[in-house]
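Taken in sequence, the protein lines are chains A and B.
3 is the number of the first residue of the first sequence in the working numbering; add one for each residue after it.
-12 is the number of the first residue of the second sequence in the working numbering; add one for each residue after it.
Hints are computed from structural coordinates only; laboratory data are not their basis.
Fair warning: there could be bad hints in the mix.
Claimed, not checked - Computed footprint of chain A on chain B, listed as stretches where at least three residues anywhere in the stretch have a Cβ under 8 Å from a Cβ of chain A: (1) 46 to 60; (2) 85 to 97; (3) 221 to 230; (4) 377 to 388.
As the list claims (entries may be wrong) - For the chain B half of the interface with chain A, some residues (derived, Cβ under 8 Å), not all of them: (5) N41; (6) D257; (7) E352.
To be verified - Derived SDA-like pairs (lysine to any residue); straight-line CA-CA distance at most 25 Å: (8) B:K390 / A:W141; (9) B:K324 / B:L197; (10) B:K87 / A:P112; (11) B:K232 / A:M23; (12) B:K393 / A:I230; (13) B:K361 / B:V172; (14) B:K283 / A:A267; (15) B:K70 / A:W141; (16) B:K70 / A:L123; (17) B:K87 / A:T207; (18) B:K281 / A:M23; (19) B:K87 / B:K218; (20) B:K218 / A:R235; (21) B:K281 / A:R165; (22) A:K163 / A:T207; (23) B:K232 / A:T48; (24) B:K70 / A:Q12; (25) A:K129 / B:K361; (26) B:K70 / A:L82.
All values reported here derive from a predicted model rather than from experimental measurement.
Quick reminder that beta carbons are idealized off the backbone N, C-alpha and C, glycines included.
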Amino acid sequence: MKTQNKRLLQRAYIVLIFGFMYLPIAVLIAYSFNENKSRTVFSGFTLDWYRSLFHNEMILSALGLSLVLALVSSVLATVLGTLATIGIHSMSRRTQLIVNNISYVPVVNPEIITGVSLMLLFVLLQKAGIGGEGGIFGWFTLLIAHITFNVPYVIFNVGPKLRQLDSSLYNAALDLGCTPRQAFFKVIMPQLTPAILSAFLICLTYSIDDFMISYFNCGTMQTLPIAIYSMTRKKVSPEINALSAIIFLVILAIILISNHMDSRAYRRNQAAIRKGAAEV
Amino acid sequence: MQLKRLCTLGAAFLLLPVCATPALAAEEIVVNEDISVSGDYDWTRFANDNITLNVYNWGLYISDGSDDSVDVVSAFEELTGIKVNYTTFDSNESLYAKMKSGGASYDVIFPSDYMVGKLIEEGMLAPLDYDNIPNISAIGEEYLGWDFDPDNTYSVPYMWGTTGLIYNTTMVDEAPTSWSALWDVQYAGNVLMFNNSRDAYAIAAKRAGLSLNPSSVEEVDQVMQDLQDQKSIVQAYVMDEIFDKMEGGEAAMAPYYAGDALTMIEDNPDLAFVHPEEGVNFFVDSMCIPSTCKNKEAAEMFINYMCETSVGYANCDYIGYSTPITAVWEMLDDDLKYSPIAYPGEDVMSKAEVFVTLPDEINAEMDSQWSQMKSYDESGGSWMVVIFLLGAVALSGFNIWRKLRKKMRDNY
C-alpha cells in the first residue's frame, strides 16, 4: 500500500514536470490551427495560417536569415572554438586558468552588454571608414557578433572532454609512426567528435534564439526573433504559431532520428563484439 | 484563312474591354488584380539602377500578403524594379534608438506624430520633394498641417486613429463615457492599462482636464500621482495582450487604439467602444525620409506609391486603422465609412489632441516617474530585495567557509 502511494506520487511528479515543459508548446501548436486570430477563443479548425505563412515574404526571409546565420556562425564558431581549446590545453596551468576565465566572461555577461559593446565597436570602425558608403552594419556584423558569443560555448563544451583524454594516447600515436597531424585527426578528433557535435548544436540553438545581440548589430537586416518582437503593437500573428509548430516538429524529428541511429549503431557494435567473441 | 479570321476575332475580343472602359483604363497601370496605379507617373525610371530601398515600418503595419491580403511591397517591386528590404520595429522609441545609434541607414521610415517632431528637431529627416509625390493631393486636408510638422515639409500621413475606451457590455453596469471609469473601484482588478508611459499619461491627464502634453515637471508629477492611485485597481499593464484579454472576457475595460477596437469587436460582439468625453489622443503615423537616405528620389516614389488609392485601400483593409486618403475612404463599406469608431465626428475630433515632442527634462521626468510607479509596491516589495541580498551574501559566505575548510583539511 505504501509503495503504491509512493509510486502514485512519483507518477504525478513526472506528469507535472512534463506538463510544465510541454503544455505551452501543445497550446501553441493547437492555436496554430485556430480559425480566428485570438489566442484564447478556439473557434474552429483551419490550415490557413500554414498556407498564409508560406506567402509571407517578410517572415520567410527573416527565417531564412536566421537559419543561414545560425549555420554559418555555428560552423565557424565550432572550428574556432575547437582550435582554441586545443591551444589552451597545451598551455601552462596558470595561463590556462587565465585564458579560460577570460573566455568565460562573455557567457556570464548580460547579453545586452555584449550587444551594445559590439555595436559601439562597429560604429567606431564605421567612423574609421570601414564598410564604405553603405555602412558596416548588416550580414557581416551579425555574423561576427554571433561567432563572438558562440565561441565560449564551444570552448566550455570541448575543453572538459579534452581534459578527460589520456594524453599518452597522442604520444603513443606518435610513437607508432603517426605525424602530429595524423595523430590529431586519427586519434584525438574521433574522441572529441561527440563534444564538438553537441557544441555545434548548442551554438545553433543560441544563434537562432538570440534577440538582444542581433538587435543591436543587424543594421537594416532582420532575424526571426526581431521580426516577431516587432509585432507586439498589433497582435502577434498566428502564422508565428504555425512557424513555431513546424520548427518544433523538425527539431523533434531530428532528435528522434539521431537517437534511432545511435541505438542502431550501438546494437550493431554489440553484435560485432559478440560475433568476435564467438569466433575466438 | 480560317485561322487568320479566328485570330482577328480573338484580338478584337482582347481589345474589347480596353475600348469599353472609358479613358481611365488607359491612364492606369495594372500591376495585378488588386493593385493599379496612376499612369502619369514615371514608375520605371530606376528599373535598371539596381536600387534597394530600406523600409522600416511598424510590425504588421502593411498589407503583406498574409491572410488573403494583397502583398503591396512585392507589387511595388514588380512595378518599379526597385528592391525593397522591408523590416519592422515595435515602438517609436526603438525606431529612434536604432537611427541614433548609427547602426542602420533607412530610406523610408514610419514614425508617429511626436517622433516626427523629435526627428525634425534633431535634423534627422530630409525635406520631401513633392514633385515626386504628386499623390499628396489625395490626402484629406484635415490630416495635413498638424503641429509636429506644420507644412508637411518632412512627413506624409500614412494611417491615423484615436485612442478610446473599449469595454465588455456584459461586465459593466452602465456604459462608461469618461476616462474616470478606469479609476472606478467597482471594476477593481478588471481594468487594463497601457503599458507605455506616453499613452498612459495621456489618459490620466485628460481625465484631470489637462493637456496630454505637459508643460512643466510639476504637472507630470501631479498626473503621475493619479496613475499611482489607479495602480491598485489595474489588473495588468499590457499592450497587445489587450486583444486576448478583452476578446476572452478576462477584463471589463481597457484603453486602446480605435482601429484595433474594431478588430476586437468583430471577434467578440459583446465588446463596445467609446471616445471618452474628456477628449482622446489623435495620432498620425507618417512616412518620412531620413537625412542619411542614399536614394531619396526612389524613396519618394515609394511614398507616392503608398498614397495610391488601390494600395491605400489594401493597407487600410489589412491594418484596420483609419486612412487619410479621401478616395480610399470613399471606397469603404458604409458600415466602416460612417463608423463613429474609425471616423469619429466633429464632437470627438474637436476635443482630440495630438502628441507633440516634449522637452528633454519633462520627458525624463515622465519616464522616471513611470518606472517608479510601475515598480512601486504597497506591500513593501523593497523588503524582498534586502532579503534576497542577505540570502545571496549568506550563500556566498557559506561557500567560502566550505572552501576554506576543505583547503584546511587538504593541508592537514
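Quick rundown of the hints versus the structure:
1. 46 to 60: holds (count 10)
2. 85 to 97: holds (count 6)
3. 221 to 230: holds (count 3)
4. 377 to 388: As far as the region 377 to 388 of chain B goes, the hint is violated, because 0 residues have Cβ atoms under 8 Å from chain A.
5. N41: Hint holds; N41 of chain B Cβ to chain A Cβ min 4 Å, cut 8 Å.
6. D257: 12 Å, violated
7. E352: 25 Å, violated
8. B:K390 / A:W141: 47 Å, violated
9. B:K324 / B:L197: It is violated: about 31 Å lies between the C-alpha atoms, which goes past 25 Å.
10. B:K87 / A:P112: 22 Å, holds
11. B:K232 / A:M23: Distance ~24 Å between K232 of chain B and M23 of chain A Cα, so the pair holds.
12. B:K393 / A:I230: Violated. K393 of chain B to I230 of chain A sits at ~50 Å, over the 25 Å cutoff.
13. B:K361 / B:V172: Distance of about 19 Å is within 25 Å: holds.
14. B:K283 / A:A267: At roughly 61 Å apart (the allowed maximum being 25 Å), A267 of chain A and K283 of chain B break the hint.
15. B:K70 / A:W141: 17 Å, holds
16. B:K70 / A:L123: Cα-Cα ~30 Å, so violated.
17. B:K87 / A:T207: 31 Å, violated
18. B:K281 / A:M23: 49 Å, violated
19. B:K87 / B:K218: Distance of about 34 Å is beyond 25 Å: violated.
20. B:K218 / A:R235: 22 Å, holds
21. B:K281 / A:R165: Given pair K281 of chain B, R165 of chain A is violated - Cα atoms ~54 Å apart, limit 25 Å.
22. A:K163 / A:T207: 21 Å, holds
23. B:K232 / A:T48: 23 Å, holds
24. B:K70 / A:Q12: Since the Cα atoms of K70 of chain B and Q12 of chain A sit roughly 59 Å apart, the hinted pair is violated (cutoff 25 Å).
25. A:K129 / B:K361: Violated, because 39 Å separates the two Cα atoms, which is more than 25 Å.
26. B:K70 / A:L82: 36 Å, violated
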